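**Student:** Below, each chain spelled out in residue letters.
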Amino acid sequence: MNEIIWLGRGGQGAFTAAKLLGAAYTIDSREKYALAFPSFGPERRGAPVRAFTKLDTKPVVDRSQTEKADYIVILDDTLYSPQLQELLKDNGQIIVNSKKTINEAFTFDAEKIAAEFRLPTVNTVMFGLLIGRSDIVTAENAVESIKGYMPPKIQERNISALLKAKEEAVK
Amino acid sequence: MKKFLSGNEAFAEGIRLARPQVISAYPITPQTIVVERLSEMVEDGSLEAEYVHVESEHSAMSCAIGASAAGARAFTATSSQGLLYMAECLYYASGGRFPIVMMNADRSTALPWNIYGDQRDSLSQLDSGWIQAYAENAQEALDLALMSYKIAENKDVSTPYMANLDGFVLTHTYETVDIPEREQADKFLPPYETDNRIDFENPKNMAFSAGPDTNYIFKFKEHEGVLAARKVINETEKEFAEIFGRKYTGLIENYLTDDADYVIVTLGSIAGLCRETADKLREQGIKAGVVRIRYMRPFPNDEIADVLRNVKAYAVLEKDISFGNEGTVFTNVNSALKKSGINVKGYNFIGGLGGRNISASDIEQIYSDIANGTEIVNFIGIGGGNNG
Chain A
992 MNEIIWLGRG GQGAFTAAKL LGAAYTIDSR EKYALAFPSF GPERRGAPVR
1042 AFTKLDTKPV VDRSQTEKAD YIVILDDTLY SPQLQELLKD NGQIIVNSKK
1092 TINEAFTFDA EKIAAEFRLP TVNTVMFGLL IGRSDIVTAE NAVESIKGYM
1142 PPKIQERNIS ALLKAKEEAV K
Chain B
306 MKKFLSGNEA FAEGIRLARP QVISAYPITP QTIVVERLSE MVEDGSLEAE
356 YVHVESEHSA MSCAIGASAA GARAFTATSS QGLLYMAECL YYASGGRFPI
406 VMMNADRSTA LPWNIYGDQR DSLSQLDSGW IQAYAENAQE ALDLALMSYK
456 IAENKDVSTP YMANLDGFVL THTYETVDIP EREQADKFLP PYETDNRIDF
506 ENPKNMAFSA GPDTNYIFKF KEHEGVLAAR KVINETEKEF AEIFGRKYTG
556 LIENYLTDDA DYVIVTLGSI AGLCRETADK LREQGIKAGV VRIRYMRPFP
606 NDEIADVLRN VKAYAVLEKD ISFGNEGTVF TNVNSALKKS GINVKGYNFI
656 GGLGGRNISA SDIEQIYSDI ANGTEIVNFI GIGGGNNG
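These protein sequence lines map, in sequence, to chains A and B.
For the first sequence, position 129 (counting from the first letter as 1) is numbered 1120 according to the working numbering, and the numbering increases by one without interruption.
For the second sequence, position 20 (counting from the first letter as 1) is numbered 325 according to the working numbering, and the numbering increases by one without interruption.
Rather than coming from a laboratory, the hints here were simulated on the basis of the structure.
Predicted model only: the values in this text are computed from it and were never measured.
By construction, the Cβ of each residue, glycine as well, lies at the ideal position given by its N, Cα and C atoms.
Treat the hints loosely; a few may be bogus.
[Claimed, not checked] Over 10 Å on every C-beta distance to chain A, these chain B residues come out as not near it, computed from the model:
| id | residue |
| --- | --- |
| 1 | Leu475 |
| 2 | Tyr497 |
| 3 | Phe505 |
| 4 | Glu547 |
[Said to hold, decoys possible] A partial selection of chain B residues facing chain A, derived with a Cβ cut-off under 8 Å:
| id | residue |
| --- | --- |
| 5 | Tyr479 |
| 6 | Gly577 |
| 7 | Glu581 |
| 8 | Asp584 |
Could you build the full structure based on these sequences and the hints that come with them?
**Tutor:** What follows is the structure, given as C-alpha cells:
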C-alpha cells in the first residue's frame, strides 16, 4: 500500500489534492482501490489541515490516519518540522513548497508555477511535483482526475500547472 | 458509472436514484454534506423534489411525516443530538406506519460535546420502531439508500428506515463507488403507492388515539411489520443483485466463520479492519472469524445463534455503552444465544467512543483476550470493569 500525507492550511486545497490523487489512481482500473480523507474536525481557514490518501491493489479497509507514509507533501513550509521524518517509511520522501532549502526534503517554489497560471493556491502544483518525484500515478490519469473533479472553469489552468510542475520535478 | 465519492455523497447519489418527492433538511455535522448535495441536485433539476428547509430536527421529522401522510416518498437526514431532538417524532413515524427513509451519520452524544463518530446516538433509538441498517463503506451506503425505500414501503413492512453511516470515517472518506444507471434504478424501485394517506376522495381517520382496549394491537402489528422486514430484506437484496450485480447477505455478513474458534461480532466501518486482522491471525494458525451485523432491527437472532453455536469464544466490539450495564449490541447478541440455548463464552469490548481510533493491534488484542479469558465488559485502552 502507498500512503501519502498532505499538510496544508485551511483553504489551500490539501484535501482536494488528496482526493484527486485517489481518483487518478483508481480511474482506469477495477483492480485498484483508494481512500482519501481529511483530518476530521471543524474546518477553519488558515488552520493546519492534514489529508490522507491510501492506494492499494486490494480494498483499503484501515480507515485510520496514516502512521508511516511513503510521501509527505507540504503546501506551506511553516508546517514543516524535522519531527515529520518519524512519519516516513524507510524510503519515504518529503516534498515541500518552499523558496528555501530544507535538509532531507525536496523543496520547490510551487508558488512560482501557481502564479504563472494565475492559481490562488498550490495544491495541483504539489500534486504535479509528487507525480514527478514518484510513479504512483501517470500524468494522464492525474489530468483525467482534474477533468472529473474540478470545476470546468479552472481545469485548464490546473492541468497546465500540474504538467509544468511534473516536468520541473524531474529535472 | 464509477466515481470517487465520500459516504455522504454516495448516499445522496442513492437517494437521487430513489426519487423522493419531499426532502426536509436541517444540517448537522457530520451529516451536512448529504443534504447539501441533495439541495444541489434539486437546484440543477436532476432530482425533482420539494426541498424544505426546516428550523430543527424535530420539524425535519414532522415534515417528513406530513409528506408521507400525503402519500409522498420522503427523506431526511440527521446525526447525534439532532437524532435525539427528533426522537419524539421517530415514534410518530413508526407508529403511523410511514415508510420514511432517514440517513443518520453516527456521532457521539454530549456531554462532553464531541462531533466525532460513535454509535451511541442510533443505538439509543433501537426501541423507536424503525428498521436500523449499518453500512460498512460508501458503496454499501449508496446501495442501502436505493434498497431502503423498497424495504420500508413493502406493504407487509410499512416501517420507517434508518440507514446509519459512521460519522467521518465513512461519511467523509472518499472511495470508488459504482453509481447505478437511472433506468435500472427506476426498474428496481417503482413509485410509492399507498392507502395509508390523506385522500379527499376516500377520507379516513389517520394518526388517531387508541385506548387500552386496542392500543396493544397496534403495537403488536408494528412489531410484526418490523419482523416482516427480515424476509423482505432478503428478497430485496436478491432482486438488487439480479439488476445491479452486487450481492448482500441479509441481516449479517459472515467472514471465515465456518470453522472459527474465535469470532468478533461488530457493526459498521470497523468490520473491514477486523477481517484483515482475522486474515493475519489465520496465517498464524489461529481460527479467527468476523460477523458484521448489517441490521440491528429487525435483529438477526437466528443468524447470530447459528454462526456462534460452535465457537470457543466471541467478542462483541461496539462503539456504544449503556451506562451501568454493558454495550447494547452485546445485550442483543447474548439474548439471541440465550433464546437458542447456546452457552458460549462472550465478552464485550467498548471502543471508538467520541471518534477514538480502533487500531489493528487493538483488534488483535481482542482475539487474544477472548482466547485467554478476560473481564466480561472491557473498555479498549482502559481495561475491564465489574459488570455488577
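**Student:** Identify every previously stated hint that the structure contradicts and give their numbers, smallest first.
**Tutor:** 1 and 8
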